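Novice: Note that the protein sequences, when read in sequence, are chains A and B.
Just so you know, my numbering puts the end of the first sequence at 439, numbered straight through with nothing missing.
Just so you know, my numbering puts the end of the second sequence at 439, numbered straight through with nothing missing.
One or more hints might be untrue.
Chain copies aren't distinguished; within one or between two, either way the pair holds.
Stated by the list, open to error - Straight-line distance between alpha carbons at most 30 Å, and here's what the computed DSS-like set of lysine-lysine pairs gives:
{"id": "1", "residue 1": "Lys405", "residue 2": "Lys115"}
{"id": "2", "residue 1": "Lys154", "residue 2": "Lys37"}
{"id": "3", "residue 1": "Lys345", "residue 2": "Lys115"}
{"id": "4", "residue 1": "Lys242", "residue 2": "Lys82"}
{"id": "5", "residue 1": "Lys154", "residue 2": "Lys405"}
{"id": "6", "residue 1": "Lys82", "residue 2": "Lys115"}
{"id": "7", "residue 1": "Lys405", "residue 2": "Lys37"}
{"id": "8", "residue 1": "Lys242", "residue 2": "Lys405"}
{"id": "9", "residue 1": "Lys82", "residue 2": "Lys405"}
Since the hints were derived computationally from the structure, they do not count as laboratory data.
In this text, all values refer to a predicted model and were calculated from it rather than measured experimentally.
There are 2 protein chains.
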Amino acid sequence: MKKMLLAAAALPLLLAAAPPAPDQGAKLRDAALAGDTVAMDIVEGLTTEVGPRLAGSEAEARARAWAVQKLKSLGFRNVHIEDTRMSGWLRGAETAEIVAPYPQKMTVTALGRSGATPPGGLTAEVVGFDSLAALQAAPAEAVKGKIVFVSHAMHPAQDGSSYGYYGPVRRSAPAVGAQKGAVAVIIRSLGTDYHRNPHTGVTSFGDVPPIAAGALSIPDAENLERMLARGKPVTMHLTLTPRFTGDVPSGNVIAEVPGTDPSAGVILVGGHLDSWDLGTGAIDDASGVGIVAATAKQIMDSGRPRPTIRVIWFGDEETGGCGSKAYRASHKDEKVADRIAASLFPLGITRGTGTVEAGADLGAWVEAGVAGADLSQDGTRYFDYHHTPDDTLDKVDPAQLRQNVAAWTAMLWQVANAREEISGVSPRK
Amino acid sequence: MKKMLLAAAALPLLLAAAPPAPDQGAKLRDAALAGDTVAMDIVEGLTTEVGPRLAGSEAEARARAWAVQKLKSLGFRNVHIEDTRMSGWLRGAETAEIVAPYPQKMTVTALGRSGATPPGGLTAEVVGFDSLAALQAAPAEAVKGKIVFVSHAMHPAQDGSSYGYYGPVRRSAPAVGAQKGAVAVIIRSLGTDYHRNPHTGVTSFGDVPPIAAGALSIPDAENLERMLARGKPVTMHLTLTPRFTGDVPSGNVIAEVPGTDPSAGVILVGGHLDSWDLGTGAIDDASGVGIVAATAKQIMDSGRPRPTIRVIWFGDEETGGCGSKAYRASHKDEKVADRIAASLFPLGITRGTGTVEAGADLGAWVEAGVAGADLSQDGTRYFDYHHTPDDTLDKVDPAQLRQNVAAWTAMLWQVANAREEISGVSPRK
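With the rest of the complex left out, here is chain A (with noise of 0.2 Å):
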């Protein structure tokens, strides 16, 4: 999802000498809201022209020029790429079969650093788990040697939640299973969906070897779930065979709206850039790097703001901890919360509880004390399509995209626009 990190440092009097007209956000807001193109292009563009573009990946390359062309075109300055370099893993064939007693194949996908089975597959007799717990509590000798299949109740949250609560079935069983000497671990694809698409993810595997980690679309599931319930024994013939490509390049793509005062600190913006390799990774995150950029284009478009504003479309969100890092919450500034909740009122946006759920994105620099603002989704069906081949253009509303960059657009205003000190961290120089 996209985030947003707003660390500005003291405003200057002079601010409070002239204030900008107070229904000026408000405009911004209305006009993106009603008009606003610059975001679905870049979701449209990006998916069309470059796609897939998993992290570590030659397409993720491509990504990031494609980012740069695209930046500058819109009028940014100071755009450039921030090389880094990453643990590379690839996806290589991915099937698996009930050999017995109910032959037939099941949709299967590799979850992100898995290992690898043999070039062939393997055959295992399926030992089934209904969560996490019952396979941590289970002995060895009852894993051993077997294909692990886990299962899980996640069901749709409005907030999302449940991708937090059910998330250690997909990072965690695999290391689990491997170290009780299981040949492969399969899970329960963690969504909410009823589509013959399984969802991708990264797992750990920590110190653990990594062995086959993969996820079934949930109808295969659940029909793995009804074999196993009719007590014979159910032997699978299982397929992945990614490969971990060593050190390899991503980076970063910054662009910026110049500030009129160097004093006045930098505004973060940003999303991420590359996406799984399974869908085209329209709303993950191509319209989050849209609606960032959206905005600060609607913030640069209508006058250059006191502080900098520094959009960042990430690398490497995805692999190399979508979700496992910390969710911690900064908000130094209730005054400035007031006016944004006011601001964003008219779009039927309410106020959420002050906690910054910054992501994986910019949830280091919230941790580091810096301060935060965010925009919660209606999380309902964000999970039918995260992670999988079905995340593509169409799923992308234009109207609720506008909506997004209206909103962001009125939250960045007030923010670029604050009369109070927020807290500091020095320019990019």
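Take the given structure of chain A and dock chain B to it, following the hints.
Specialist: Frame of chain A, contents of chain B only:
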């Protein structure tokens, strides 16, 4: 979809002398609506224990064995397989990838009875057409050596009629492209969903040597349309390696509720046992065979009917001519129809046009002048799942399935207890 053919000889006067209680059909109907579990048990069992069952495949043979056991266990008589032969076809590898100018993978599936690319695939420029008519009008030199892409404008229709209207894109475009020298033809899936599930379905080359013929999922088709609209040459690498398997076995599974009067004729009720190989065929047509068997069992359990009721679970509906056979009507006795309509009204089912759409399973009988009756389903969302991997058990709503059983029970009871002469076919020896 499920189909039912009603074909009974003259009923003797004895019936008039001792008519069944007038509310007996309604009682059976309401019992089915409230509590039928037979249909769901069949759908659950067939999709779990057999799964995909392509006509002519080893899986279809397993389905026949499963069906015999199931129909016997339900108490039907004269349960047996009538062997048939057919021309076999099996899916192979299937991948599609844009090579330039916007490299990315696409989701493709082979159409039934498609030819094959070389094992390593082929690479060619894509030439796009927005309709079958546009392809037909194109000169051969615009097509020769290229991969033809044909789109269309199929949208949901409550009566499902858009499938008939756009069906020629799937059935004919590959042959048209082949005749003009295309190396392969891909179409926008005949479907109305927005998932990364291509819709298969049979195509026909007639006397034209088959070339590779596939369907892109709708999100992929729209992505390709956007690429082509940008004006640069688009190159695709396509691999489709299905193969024809020669003369292979198929068969129909028959079960009967013996009537008390051999002269009272036979009522045929049918659905098809085979399914496409991508999904588990829960909707198409495990639900259909479940409904007709549950319906016949309702009648059987209420006492022996005068005419024999013959349940037929057909093989090879899908690849042998789905949708291609004539939709013709025969409906000779409006008095029976009046009573059927009255018995269905409490289920919220209204009277249709009087035209029978007996489909591929029983269409040939109707065409030959045998009286038929049919119930039309809401087709609005049917083509979201039709012939896709998403045709799985979770799509079947138990309450809707019971309503179907109730409706068919009401209709079958009315026909089995009709006082009028309907028409005649001889009972099977």
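Novice: Have a look at Lys242 and Lys405 and pick one of within, between, both or neither, based on CA distance no larger than 30 Å.
Specialist: For Lys242 and Lys405, only the inter-copy Cα distance (26 Å) is at most 30 Å; the intra-copy one is 41 Å.
Novice: At most 30 Å between CA atoms: does that hold for Lys405 and Lys37 within a copy, between copies, both, or neither?
Specialist: within (28 Å within a copy, 46 Å between copies)
Novice: Is it within a copy, between copies, both, or neither that the alpha carbon of Lys405 lies no farther than 30 Å from that of Lys115?
Specialist: For Lys405 and Lys115, both the intra-copy (28 Å) and inter-copy (18 Å) Cα distances are at most 30 Å.
Novice: Is it within, between, both, or neither for Lys82 and Lys115, if the alpha carbons may be no more than 30 Å apart?
Specialist: between (48 Å within a copy, 28 Å between copies)
Novice: With identical chains treated as interchangeable, where does the CA-CA distance between Lys242 and Lys82 reach 30 Å or less: within a copy, between copies, both, or neither?
Specialist: Between copies, since 23 Å is at most 30 Å while 62 Å is not.
Novice: Should Lys154 paired with Lys37 be assigned to within, between, both, or neither, using CA atoms and 30 Å as the limit?
Specialist: So Lys154 and Lys37 fail the 30 Å test inside a copy (64 Å) and across (55 Å) alike.
Novice: Since the copies are identical, ignore which copy is meant and state whether Lys345 and Lys115 lie within 30 Å (CA to CA) inside a copy, between copies, both or neither.
Specialist: Close neither inside one copy (58 Å) nor across copies (49 Å); limit 30 Å.
Novice: Regarding Lys154 and Lys405, is the shortest C-alpha distance of 30 Å or less found within a copy, between copies, in both, or in neither?
Specialist: neither (42 Å within a copy, 35 Å between copies)
Novice: Is it within, between, both or neither when you check Lys82 against Lys405 at 30 Å Cα-Cα?
Specialist: Within one copy only: 27 Å inside a chain, 47 Å across chains, cut-off 30 Å.
Hint compliance for this structure: hints 2, 3, 5 are not met, and every other hint is.
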